Amino acid sequence: METANMLEVLAKVHESIDSIQKVLFGSGILTSKIENEATDLLKGNVPDGWTYLWADGPEAPTPWIRQFYKRADALRGWFDRIQKQTLLESHINMSDLFHPETFLNALRQKTARSQKCSIDELKLVSSFEQGKVTSPQAVTVVGLFLQGCSFDGVRLVDETSKENQQELLNLQNCRLAWIKNTESDPYSPNLVVNIPVYYTITREQLLCTLNVPNTGESNLRVIGGVAFFLSGSE
Amino acid sequence: VKSRITAFQRVLIVQVFRPDRLESAMTNFVCEALGKRDIAPAPLSLQSLYENDTFPTEPILFLVTPGADPSAELQELAEMEVGRAGYHELAMGGGQNEIAIQMVRDAAEKGEWVCLKNLHLVTPWLQTLEKTLKALTPNKKFRLWLTSEPHIKFPSVLLQSSLKITYESPPGIKKNLQRTYQTWVANYQEGNLLKSQMMFILAWFHAILQERRTYIPQGWTKFYEFSYGDLKAGETMLSEVIAESKGAMPQWQTVYGLLENAIYGGRVDNEFDLRVLRAYLYQFFTSDVFQGITKLSNIIQVPKSDALREYQAIVGKLPDQDSPLFFGLPSNIDRSVQRFNSA
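Line order of the protein sequences matches chains V and H.
Going by my numbering, the first sequence opens with residue 1, and the numbers climb by one from there.
Going by my numbering, the second sequence opens with residue 1, and the numbers climb by one from there.
These are calculated hints, taken from the structure and not from any lab test.
It cannot be assumed that every hint is accurate.
[Claimed, not checked] Label pairs and their calculated CB-CB ranges:
1) L325(H) with Q205(V): 27 to 33 Å
2) N190(V) with G35(H): 51 to 57 Å
3) A233(H) with Q205(V): 28 to 34 Å
4) S32(V) with S3(H): 56 to 62 Å
[To be verified] Every beta carbon over 10 Å from chain H, so not counted as near; a handful from chain V, in silico:
5) D40
6) I82
7) H91
8) D96
9) Q115
10) D185
11) Y199
12) T215
[Stated by the list, open to error] Straight-line alpha carbon distances no greater than 30 Å define the calculated BS3-like cross-link-like pairs of lysine-lysine that follow:
13) K222(H) with K295(H)
14) K132(V) with K110(V)
15) K43(V) with K153(H)
16) K132(V) with K84(V)
17) K295(H) with K246(H)
18) K43(V) with K222(H)
19) K164(H) with K232(H)
20) K153(H) with K222(H)
21) K222(H) with K123(V)
22) K222(H) with K70(V)
23) K222(H) with K232(H)
24) K232(H) with K295(H)
Every value quoted in this text rests on a predicted model; they were computed, and no experiment measured them.
C-beta: ideal position from N, C-alpha, C; glycine also.
Just need the whole structure built from these sequences, with the hints factored in.
Printed below as a string of structure tokens:
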């Protein structure tokens, strides 16, 4: 699915650039479509034909291409692992994906099928500790970023050093799984705070929320604007 | 190094190496170059503006940013100057063009005030208004106030013939609180301790919500239009709650519900931002804050006093620059905001 989509985008981008180039070198005819796409690029916008295929990318063409390339490149690795059937055992970086929400949903459906229940009966749980999330369908997610407070490996903690601390913290592996609503959470509800997970630091798109163990008052984390991101750039 | 490069070169160097500090560097540069302590202007006073700069023949045009609305303050001024009956207000954009013209003519004759709002919605009609104005020989007390958002089709003749004021709020908690207290000075009633305290907390809450908009997307995910109208509604509502509680602590649940669902929360459409709003409510509006056990945002102790002067003194002592800690935000947030603005 992702690969087919990626190839489609690649074909589209190639087509646009190629035709612009042909026009420039005098070997092609200028059509209104090519003109529009070229003007968009000159103005620093991503052409509509491109965003139609991948809407969640950055707004400027250069980072757009760069992000696209990063994902396309990573997808080759995914493709390999899928063929060897080792995808879910390996470490997963969701910022590699064009549509991370589809991945979460696919995992949900797969879990539902093997647990023989409906997807409505499942909830998402997470833990940064070993042995807390034990579902056989759990995956290990890497490369999450944290903004707004510090992290001691298990729990959210207050910032320690005041100045010159990185605004984004790279987190270690997080175990993620869908479990039945009736099963108990890895942590007791009064020890955790519900944290949003966004695609990028612009906080435009929400992927899901996770219950993360916390120290101190959870209201303070809410006011502090604590959030997770799949990717540390825009 | 400081002696060998110019102040402007310093800004350039900061831009190259520390884009996350560029904004501070530029502010410092401007202050140094102009010899000012602060680059934000003093808060606008409509009253002195009216007395010194306005004429009956010259409309006063407020260029507003979405969310900023001067009409509530204008109304208060009008009540003092020409009385409630002498002030007419009309929001344009619903086929009221004829009424507006008539209103302007009547007021010009009787020496009353008219405020026509949202002119950017009726740009084609503005030429008619212009002609009407030219034909008037207004009474000495007549004033025409206009508000409009910037619009490309706004006729330049009308623009040229008006006194133009940009109305947007200068940044910072201190300025925000000063503005609030400036509008409260006239009708401030001393003698009710609980009410004075409550009003101060409301003003603080309002300032925090508005100024948190400096931190987008970390603080709020978008620019919510918390306005003077919200503060006004909050003031009216809390006064009633206090009157009902008869000297005892008010019903906190009522306060939370009204502020969250009826007033401020109505502007917020993101679940996580709503959580932030709620968390602030629970922090600020509690008995502990009134009794001075807990400080507002950990820095300000609400005085046990009903004296206006005491509250104004506290506001005056606040720093001009906000610290993210006022908002409960992490101290390194400035870096991402400045980088965001320099990009």
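How the hints compare with the structure:
1. L325(H) with Q205(V): 27 to 33 Å: Given about 29 Å between the Cβ atoms, the range holds.
2. N190(V) with G35(H): 51 to 57 Å: holds (56 Å)
3. A233(H) with Q205(V): 28 to 34 Å: holds (33 Å)
4. S32(V) with S3(H): 56 to 62 Å: This hint holds: roughly 60 Å between Cβ atoms.
5. D40: Nearest chain H Cβ is 21 Å from D40(V), so the label holds.
6. I82: Non-interface label stands for I82(V): nearest chain H Cβ at 34 Å, farther than 10 Å.
7. H91: Non-interface label on H91(V) holds, nearest chain H Cβ at 27 Å vs cutoff 10 Å.
8. D96: Fine: 23 Å to the nearest Cβ keeps D96(V) off the interface.
9. Q115: Q115(V) clear of chain H: closest Cβ-Cβ about 29 Å, beyond 10 Å.
10. D185: The assertion about D185(V) holds, with a minimum of 19 Å to chain H.
11. Y199: holds (12 Å)
12. T215: holds (15 Å)
13. K222(H) with K295(H): Distance of about 28 Å is within 30 Å: holds.
14. K132(V) with K110(V): The hint holds at about 21 Å.
15. K43(V) with K153(H): holds (24 Å)
16. K132(V) with K84(V): Roughly 27 Å separates the two Cα atoms, so the pair holds.
17. K295(H) with K246(H): holds (24 Å)
18. K43(V) with K222(H): holds (25 Å)
19. K164(H) with K232(H): holds (26 Å)
20. K153(H) with K222(H): holds (28 Å)
21. K222(H) with K123(V): Given that 30 Å is the threshold and the Cα spacing comes to 29 Å, the pair holds.
22. K222(H) with K70(V): Distance ~29 Å between K222(H) and K70(V) Cα, so the pair holds.
23. K222(H) with K232(H): holds (23 Å)
24. K232(H) with K295(H): This hinted pair holds, its Cα atoms lying about 24 Å apart.
Every hint, counting from the list given before, is met by this structure.
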